[in-house]
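Protein chains: 2
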Amino acid sequence: MTLLRSHLGSTLRTARMNQGRTLRDVAKSARVSLGYLSEVERGQKEASSELLNSICNALDLSLSMVLSDVLLQVKSQETPVLTVVDDAA
Amino acid sequence: MTLLRSHLGSTLRTARMNQGRTLRDVAKSARVSLGYLSEVERGQKEASSELLNSICNALDLSLSMVLSDVLLQVKSQETPVLTVVDDAA
Chain L
1337 MTLLRSHLGS TLRTARMNQG RTLRDVAKSA RVSLGYLSEV ERGQKEASSE LLNSICNALD
1397 LSLSMVLSDV LLQVKSQETP VLTVVDDAA
Chain X
1337 MTLLRSHLGS TLRTARMNQG RTLRDVAKSA RVSLGYLSEV ERGQKEASSE LLNSICNALD
1397 LSLSMVLSDV LLQVKSQETP VLTVVDDAA
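For the record, the sequence lines run as chains L and X.
Going by our numbering, the first sequence opens with residue 1337, and the numbers climb by one from there.
Going by our numbering, the second sequence opens with residue 1337, and the numbers climb by one from there.
I should point out that these hints are in silico values taken from the structure, not numbers from a laboratory.
Be a bit skeptical, because a hint or two may be false.
Taking lysine-lysine pairs in the DSSO-like style, the calculated list, with each CA pair at most 30 Å apart, reads [unchecked claim]:
{"no.": "1", "chain 1": "X", "residue 1": "Lys-1381", "chain 2": "X", "residue 2": "Lys-1364"}
{"no.": "2", "chain 1": "X", "residue 1": "Lys-1381", "chain 2": "X", "residue 2": "Lys-1411"}
{"no.": "3", "chain 1": "X", "residue 1": "Lys-1381", "chain 2": "L", "residue 2": "Lys-1364"}
{"no.": "4", "chain 1": "L", "residue 1": "Lys-1381", "chain 2": "L", "residue 2": "Lys-1411"}
{"no.": "5", "chain 1": "X", "residue 1": "Lys-1381", "chain 2": "L", "residue 2": "Lys-1381"}
{"no.": "6", "chain 1": "X", "residue 1": "Lys-1411", "chain 2": "L", "residue 2": "Lys-1381"}
{"no.": "7", "chain 1": "L", "residue 1": "Lys-1381", "chain 2": "L", "residue 2": "Lys-1364"}
{"no.": "8", "chain 1": "X", "residue 1": "Lys-1411", "chain 2": "L", "residue 2": "Lys-1411"}
{"no.": "9", "chain 1": "L", "residue 1": "Lys-1411", "chain 2": "X", "residue 2": "Lys-1381"}
{"no.": "10", "chain 1": "L", "residue 1": "Lys-1364", "chain 2": "X", "residue 2": "Lys-1411"}
{"no.": "11", "chain 1": "L", "residue 1": "Lys-1411", "chain 2": "X", "residue 2": "Lys-1364"}
{"no.": "12", "chain 1": "L", "residue 1": "Lys-1381", "chain 2": "X", "residue 2": "Lys-1364"}
Go ahead and model the full structure; you've got the sequences and the hints to work with.
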């Protein structure tokens, strides 16, 4: 099942790592605990909308940039997988 | 401040009303309480990812369709507003 929090977490983690930043650095900047950010990134906790904005700000990303990436991920999971049927079998 | 839950709620409420359905009907179909759905639609409660999926299913919408609409709303709020300066004043 596609879970919004998993995709959000994945997007936030990828953005942080692409910036070469640590959990500690981003958590401090977003004023959230390191454990909270870690759980959000791993899709284990639903970020509140307010803290999601704080994390986006800490990463210098707009909410729409994050949602655009999440949307791409969700769409790719929703796309039906084409199965090659081997008639020769 | 742009809050994800406000836009999600607005999108879900608009979709339900466009389908001419009641809170009671959609809540029953999604197996959530009427009060919960009502709070989510008004942006007063964060929907868990699992219940968001249930509500999307109840509305016969994919998560990506809902997120696409949310993204448009968020983008329109983020776009800087151009102010007309009246030089004649």
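Results of checking the hints against the structure:
1. Lys-1381(X) / Lys-1364(X): At roughly 18 Å apart (the allowed maximum being 30 Å), Lys-1364(X) and Lys-1381(X) satisfy the hint.
2. Lys-1381(X) / Lys-1411(X): 22 Å, holds
3. Lys-1381(X) / Lys-1364(L): Satisfied, since the Cα-Cα distance of roughly 26 Å is no more than 30 Å.
4. Lys-1381(L) / Lys-1411(L): 22 Å, holds
5. Lys-1381(X) / Lys-1381(L): It holds: about 15 Å lies between the C-alpha atoms, which stays within 30 Å.
6. Lys-1411(X) / Lys-1381(L): Cα-Cα ~25 Å, so holds.
7. Lys-1381(L) / Lys-1364(L): Holds, at about 18 Å.
8. Lys-1411(X) / Lys-1411(L): Given that 30 Å is the threshold and the Cα spacing comes to 19 Å, the pair holds.
9. Lys-1411(L) / Lys-1381(X): 25 Å, holds
10. Lys-1364(L) / Lys-1411(X): Holds, because 27 Å separates the two Cα atoms, which is no more than 30 Å.
11. Lys-1411(L) / Lys-1364(X): 27 Å, holds
12. Lys-1381(L) / Lys-1364(X): OK: Lys-1381(L) and Lys-1364(X) at ~26 Å, within 30 Å.
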